[in-house]
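> Residues per chain are reported as follows:
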Amino acid sequence: MELSPREDLNRRMLRARDEMDRRYAEPLDVPTLAAVAHLSPSQFGRVFKEVYGETPHRYLQRRRVERAMTLLRQTDRPVTDIAWDVGFASLGTFSRTFATVVGCSPTQFRARHEPVHVPSCFIAAWTRPRDGARTVVSEKRADPDAG
Amino acid sequence: MTTNHITSVRIKSVPVLDQEEALDFYCNHLGFQVHDDIDLGFMRWLTVVLPGGGVQLLLELVGGPQHDEATAAQVRELVTKGALGGLFLTSSDVHATYAALRDAGVEITQEPVEQPYGTDFGIRDPFGNHIRISQPNEAPNEVIQHRYDAARA
Numbered sequence: 001m002e003l004s005p006r007e008d009l010n011r012r013m014l015r016a017r018d019e020m021d022r023r024y025a026e027p028l029d030v031p032t033l034a035a036v037a038h039l040s041p042s043q044f045g046r047v048f049k050e051v052y053g054e055t056p057h058r059y060l061q062r063r064r065v066e067r068a069m070t071l072l073r074q075t076d077r078p079v080t081d082i083a084w085d086v087g088f089a090s091l092g093t094f095s096r097t098f099a100t101v102v103g104c105s106p107t108q109f110r111a112r113h114e115p116v117h118v119p120s121c122f123i124a125a126w127t128r129p130r131d132g133a134r135t136v137v138s139e140k141r142a143d144p145d146a147g
Numbered sequence: 001m002t003t004n005h006i007t008s009v010r011i012k013s014v015p016v017l018d019q020e021e022a023l024d025f026y027c028n029h030l031g032f033q034v035h036d037d038i039d040l041g042f043m044r045w046l047t048v049v050l051p052g053g054g055v056q057l058l059l060e061l062v063g064g065p066q067h068d069e070a071t072a073a074q075v076r077e078l079v080t081k082g083a084l085g086g087l088f089l090t091s092s093d094v095h096a097t098y099a100a101l102r103d104a105g106v107e108i109t110q111e112p113v114e115q116p117y118g119t120d121f122g123i124r125d126p127f128g129n130h131i132r133i134s135q136p137n138e139a140p141n142e143v144i145q146h147r148y149d150a151a152r153a
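Quick mapping for you: the protein sequence lines, in order, are chains A and B.
According to the numbering used here, the first sequence holds residues 1 to 147 in order.
According to the numbering used here, the second sequence holds residues 1 to 153 in order.
Think of the hints as simulated: they come from the structure by calculation, not from any bench.
There's no promise every hint is true.
[To be verified] Some chain B residues judged to face chain A by a derived CB distance under 10 Å, without partners named:
| # | residue |
| --- | --- |
| 1 | Arg-10 |
| 2 | Asp-36 |
| 3 | Gly-54 |
| 4 | Gly-82 |
[Claimed, not checked] Which chain A residues stay away from chain B? Per the calculated CB distances, all over 10 Å, these:
| # | residue |
| --- | --- |
| 5 | Ser-4 |
| 6 | Asn-10 |
| 7 | Leu-14 |
| 8 | Asp-29 |
| 9 | Ala-35 |
| 10 | Gln-43 |
| 11 | Arg-46 |
| 12 | Thr-93 |
[Unchecked claim] Far from chain A, some chain B residues (derived; all Cβ distances over 12 Å):
| # | residue |
| --- | --- |
| 13 | Thr-7 |
| 14 | Trp-45 |
| 15 | Glu-107 |
Note that beta-carbon positions come from the ideal geometry of N, C-alpha and C, so glycine has one too.
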């Protein structure tokens, strides 16, 4: 298969984005993700933003918040446990980020939403909060932000 | 309800960037078989179907005459960025399917996850199309809903 340089770059960035989707709960950093895309750490953030329109840090935040939304909807697990499970290092950072991205607190979100049974990947894709809210920069467990 | 006599889905187009590579992936990795492989001159009509039948996949090369060059380039961009596609397949043994695809080096987007409706995992085809493979359980909708509710009880 012959890909243009642009398409090849897209494909490699998609692999890096898939890596974030899969390992969102881990403390991912820029060198790890850059290696997946076969780019230098200094290039990675800039190229990711060119391809997907947001920084990798922001994408990872939205992925984690989306996953937290699912767990809040579908389980009765404590908010603190959910915050930790989706990759946040502290309840305070999680609550702040969640409120910034979703517009309400995790507890309020849970009270307003019931579980739904459609394939989880579709829920993930369609309920992932859109970018547009301000970026919270105090997250300590992740630092995949170069852009 | 509208009665317009439509009875089933027959063919679904999957945008691919190389039909030979698509054929290898969908047949040798996912178990599809060639249904039609016809050189129409202006295009290669290439469809595959699972041995058990069902919907045929039209492995459609992006960039035919229906698209100008600029549009074809945009579609190729979207495919490689993972913005198009979406196929849901069913397996009778999802863990065996996962192990075989993983061992074959297929791109895994998510390992098998137990869900109230069954178990599923995600992969990408060589071009960036997302494919979800699941083994649904036999539970009716109300039982599945009960499982969701019980998790929150």
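> Which numbered hints are broken by the structure, listed smallest first?
1, 2, 3, 5, 6, 7 and 15
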